[in-house]
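A.B. asks: Listed below, chain by chain, are the residues.
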Amino acid sequence: MAGTSAPSVAPTVGTLLPLIGKSDTKPTWCPGCGDFGVVAAVEMALKRLKIPSHQVVLVSGIGCSSNLPHFLSSYGFHSIHGRSLPVAEGIRWANHTLTVIATGGDGDGFGIGAGHFIHTMRRNVDMTYVTMDNQIYGLTTGQASPTSMMGQKTKSTPAGVIENPIDPISLALAAGATYIARAFSGDVKQMADLVAGGIQHKGFAFIDAMSPCVTYNKINTFDWFRQRVYKLENSGHDPTDIVQAWQRSLEWGDKVPTGLFYKADKPTYEDLEEVLTAGPLANQPAGLKGRESLLDEFI
Amino acid sequence: MGEISVRAGGAAGDGIASVGETLAHSLSRMGLHVFGHNAYQSVIRGGHVWFQARASTAPTHSQGDACDILYALNKETADVHLPSLSRGGTVVFDPEKFDIPASQLPAGTKALPVKTLEIARKFTSQSILQNAGGLGATAFLAGIPLDVLQASLADSFGKKKGDVVDWNLGASADGYAFAQANSAANDHAVAKAGEPKLLMTGNAAIALGAAAAGCKFLAQYPMTPASSIMHWMAAHSRDIGVVVKQAEDELAAINMAIGASYGGVRSMTATSGGGFALMVEALGMAGMAEIPLVVVESQRSGPSTGLPTKTEQGDLNMMLGAGQGEFPRAILAPANAVEAYRAAIRAFQVAEEWQTPVLLASDLHLSENYMTVDRSEIDLNVEIPSLFSVQPNGHDYKRYQYTPSGVSPRSLPGQVGLQWIAGSDEHDEKGHLISDVKSGIPVWVAERTKMMQKRMGKLAGIGRSTEPPRLEGPADAPLTFVAWGSTVGAIRDAMVTLAAKNVATNLLQIRTVFPLHVDVLEAAIDRAKTTLLVEANYSGQLGRLIRAETGRHLTNRLLKYDGEPFYPYEVVGKALEVLGHGRN
Ligand SMILES: Cc1ncc(C[n+]2csc(CCOP(=O)(O)OP(=O)(O)O)c2C)c(N)n1
Ligand code: SF4
Ligand SMILES: [Mg+2]
Numbered sequence: 001m002a003g004t005s006a007p008s009v010a011p012t013v014g015t016l017l018p019l020i021g022k023s024d025t026k027p028t029w030c031p032g033c034g035d036f037g038v039v040a041a042v043e044m045a046l047k048r049l050k051i052p053s054h055q056v057v058l059v060s061g062i063g064c065s066s067n068l069p070h071f072l073s074s075y076g077f078h079s080i081h082g083r084s085l086p087v088a089e090g091i092r093w094a095n096h097t098l099t100v101i102a103t104g105g106d107g108d109g110f111g112i113g114a115g116h117f118i119h120t121m122r123r124n125v126d127m128t129y130v131t132m133d134n135q136i137y138g139l140t141t142g143q144a145s146p147t148s149m150m151g152q153k154t155k156s157t158p159a160g161v162i163e164n165p166i167d168p169i170s171l172a173l174a175a176g177a178t179y180i181a182r183a184f185s186g187d188v189k190q191m192a193d194l195v196a197g198g199i200q201h202k203g204f205a206f207i208d209a210m211s212p213c214v215t216y217n218k219i220n221t222f223d224w225f226r227q228r229v230y231k232l233e234n235s236g237h238d239p240t241d242i243v244q245a246w247q248r249s250l251e252w253g254d255k256v257p258t259g260l261f262y263k264a265d266k267p268t269y270e271d272l273e274e275v276l277t278a279g280p281l282a283n284q285p286a287g288l289k290g291r292e293s294l295l296d297e298f299i
Numbered sequence: 001m002g003e004i005s006v007r008a009g010g011a012a013g014d015g016i017a018s019v020g021e022t023l024a025h026s027l028s029r030m031g032l033h034v035f036g037h038n039a040y041q042s043v044i045r046g047g048h049v050w051f052q053a054r055a056s057t058a059p060t061h062s063q064g065d066a067c068d069i070l071y072a073l074n075k076e077t078a079d080v081h082l083p084s085l086s087r088g089g090t091v092v093f094d095p096e097k098f099d100i101p102a103s104q105l106p107a108g109t110k111a112l113p114v115k116t117l118e119i120a121r122k123f124t125s126q127s128i129l130q131n132a133g134g135l136g137a138t139a140f141l142a143g144i145p146l147d148v149l150q151a152s153l154a155d156s157f158g159k160k161k162g163d164v165v166d167w168n169l170g171a172s173a174d175g176y177a178f179a180q181a182n183s184a185a186n187d188h189a190v191a192k193a194g195e196p197k198l199l200m201t202g203n204a205a206i207a208l209g210a211a212a213a214g215c216k217f218l219a220q221y222p223m224t225p226a227s228s229i230m231h232w233m234a235a236h237s238r239d240i241g242v243v244v245k246q247a248e249d250e251l252a253a254i255n256m257a258i259g260a261s262y263g264g265v266r267s268m269t270a271t272s273g274g275g276f277a278l279m280v281e282a283l284g285m286a287g288m289a290e291i292p293l294v295v296v297e298s299q300r301s302g303p304s305t306g307l308p309t310k311t312e313q314g315d316l317n318m319m320l321g322a323g324q325g326e327f328p329r330a331i332l333a334p335a336n337a338v339e340a341y342r343a344a345i346r347a348f349q350v351a352e353e354w355q356t357p358v359l360l361a362s363d364l365h366l367s368e369n370y371m372t373v374d375r376s377e378i379d380l381n382v383e384i385p386s387l388f389s390v391q392p393n394g395h396d397y398k399r400y401q402y403t404p405s406g407v408s409p410r411s412l413p414g415q416v417g418l419q420w421i422a423g424s425d426e427h428d429e430k431g432h433l434i435s436d437v438k439s440g441i442p443v444w445v446a447e448r449t450k451m452m453q454k455r456m457g458k459l460a461g462i463g464r465s466t467e468p469p470r471l472e473g474p475a476d477a478p479l480t481f482v483a484w485g486s487t488v489g490a491i492r493d494a495m496v497t498l499a500a501k502n503v504a505t506n507l508l509q510i511r512t513v514f515p516l517h518v519d520v521l522e523a524a525i526d527r528a529k530t531t532l533l534v535e536a537n538y539s540g541q542l543g544r545l546i547r548a549e550t551g552r553h554l555t556n557r558l559l560k561y562d563g564e565p566f567y568p569y570e571v572v573g574k575a576l577e578v579l580g581h582g583r584n
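In order, the protein sequence lines correspond to chains A and B. Residues in the first sequence are numbered consecutively from 1, following the working numbering. Residues in the second sequence are numbered consecutively from 1, following the working numbering.
These are calculated hints, taken from the structure and not from any lab test. In this text the structure is predicted, and so the values were computed from the model without any measurement. All C-beta atoms, glycine included, are put in the ideal place defined by N, C-alpha and C. Be a bit skeptical, because a hint or two may be false.
To be verified - Derived pair list, reagent style DSSO-like, types lysine-lysine, alpha-carbon separation capped at 30 Å: (1) B:LYS161 / B:LYS110; (2) B:LYS430 / A:LYS22; (3) B:LYS398 / B:LYS438; (4) A:LYS231 / A:LYS263; (5) A:LYS202 / A:LYS218; (6) A:LYS22 / B:LYS438; (7) A:LYS218 / B:LYS438; (8) A:LYS26 / B:LYS450; (9) B:LYS159 / A:LYS289; (10) A:LYS22 / B:LYS398; (11) A:LYS153 / A:LYS255; (12) A:LYS202 / A:LYS47; (13) A:LYS22 / B:LYS454; (14) A:LYS26 / B:LYS454; (15) A:LYS50 / A:LYS22; (16) A:LYS47 / A:LYS22; (17) A:LYS26 / B:LYS438; (18) A:LYS50 / B:LYS398.
What the hints assert, rightly or not - Some residues of chain B that are not near chain A, with every Cβ distance over 12 Å (derived): (19) ALA66; (20) VAL80; (21) ILE100; (22) SER237; (23) GLU248; (24) ARG448; (25) GLY461; (26) ASN502; (27) TYR567; (28) GLU577.
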């Protein structure tokens, strides 16, 4: 058959294959940046799940946070600002045996990439998306982001932010994500649990990782969060109940819930795309050799 | 040579396109060369639309100029198109709807009133059959045998069976019989000329060529005149195993295609100028990260939303310059359906071989009009090489390794031990960023220079993998047309007309707009006695490119930017003027 000379890119299951680890590139983040916690949690989750590094693709946009793929030993795609999700979707559809994790900033995901965020969730693409939400534009040296709080003074809003912040959790609920969580860089263990749960989840898993920018956000600091966070799993929350999830998503202020807000089982995009039921697209025959009957419609 | 042109016109929603397509298919099934021109508006109902099917025993490269038979469904059609009815021609109309006074008929033409509504009422009281009687009468005048017409008509309903199909067949037969009893066929009526030909739009040819070249993923956002690429692919998706994704916007479409290509399948996106403008940033990423990608840019009249259903070649400057910074690309410019089929295949081959984006420039005139193709011209047996260009060697894999050609070994995610990071930032051979902490340091300044040279060095190879300009017609002709894309069609027809007037001309067709094959081009221009640049835009964008790249200034120009395709008579007139023969 045409195009089948390619070696298989289906998962090569074997215990000897290298698991994910640090790459030879050292993180370039400011000392104390919340993103260190996120890269540690992603590494821990993948190690725990024993997914070999060649089976993982980390996809990001542009921002301090979006440099993350360079620091781990998997495949990666460090794309352009705001476009990590469509790139990740394309990778999933080319080869849905791969574990695809998109990582990026709040500006990347909820500002310039907001349209893709909503549409990827409603498609329930089977992938994981971890936003390193520092409520600020870090890489561009401290302008307001879509999650900056009302009144916050930044370089672009010296008199304070005058628009309401996006709430990524309730937005994700509305858009149809099937695994929705909030994590905090100050609790890497919980974050790793949530990321591992997201990777295992069949469907679109969204983890809003509160990841303080120690350089440009002097409000939402590690301390700010430590004084406010509480764990949903310790407070009787039922993540299969969407009404409870909505109620909890509205909490932001004196108390900030972390953990799993919502989880549902629904068919994924890959389940419903018939062409993919024949296996990973990358392994399917390509071309139209011997398909001359296709020309009959033109007569 | 037998040749006939049949035109049908009415209001949008009247079903003009299906009347036209049925006539065009009937003629191509008779073994004739056909060009079917579908002229429509950007509304779904109302607004004037028409379809011209031109058929000949000789190749038809354009819609032609006049029509021999006009089927006018409304008065507006008669008013607009009667002036182009040729001597000996006939206009078919329904006197119950409107009248055509004898004074309105051009000299030497006649009117054939056909009571299409009355015929329709014989079959049903619903107002769904009003075209069929007129279609039958028109077909008779054109020389189309009734059985050929009816087979095409039945096929146009697809798998549908039942009353509506039977009524249509009955009404068309009545109209056919009425015309036969009350009129002679047109003087130019055609007859069966050979085996049936294939009739396809440029977009169908592009989609077919892409699939034949191994395309497995198409992401697109609807935009005229590119949408029917997605429609064809979606209709065949399961059968041929191509994933078709209607994206949320063009930003998503191109980035999905880039992701899929990185993931290990040949991928494409298609759009028109407005959507392409949104894709520009990602195009540069494909260039930077060295991801193969095919982008179809089917131009329509701009600027901005422009004339969404009208043609133009106004996006060449944008295609040349799309993207910040510099990266290698190719721009292929097919002129007709066969060339479009082959260009799509070549686009995939070039993109893959040189790991960079390739643009396939089309326009509304090529994308949406119908052209005949001989079955033998479509070879579906395209060799599709494996995408795996590198075998695992354990360690030290360099995705962006410096090589003499500029092409580096490519691994795909899922391959053990060959991990790399595709990056939109500048990077070293391993894909590690230069941008963040290293830029400006002398050794990395040198690295950046080398990496730019590696990427841009691929342009030389892309030149060898793409088609140089091609001269057709007598080498020593006194006039050389210079053109690209669908404009070539009207020129080819004009060259036949000019030859019949003993005026020899030739055509320098720029098949690859970028990279220009400068040596071949310069030699051809220098050999030409006189040149005439023909482009469907205001400023002569190809002319500007040729001047920039070769220093040759093509001063004789026929430029058109009214949204309409070139008509052969316009080209003939300008050629005679340039040659000093005066217009005639
Ligand atoms: C199209 C485009 N616009 C603007 C930029 C500049 N830019 C780079 S990163 C960034 C915002 C970063 O904020 P965020 O996504 O929250 O990431 P962080 O740096 O905070 O981790 C901007 C605006 C760009 N790279 N591309
Ligand atoms: S600027 Fe902020 S987000 Fe960026 S690396 Fe420094 S601390 Fe982290
Ligand atoms: Mg941020």
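A.B. asks: Any hints this thing doesn't respect? Which numbers, in order?
C.D. replies: 1, 5, 22 and 23
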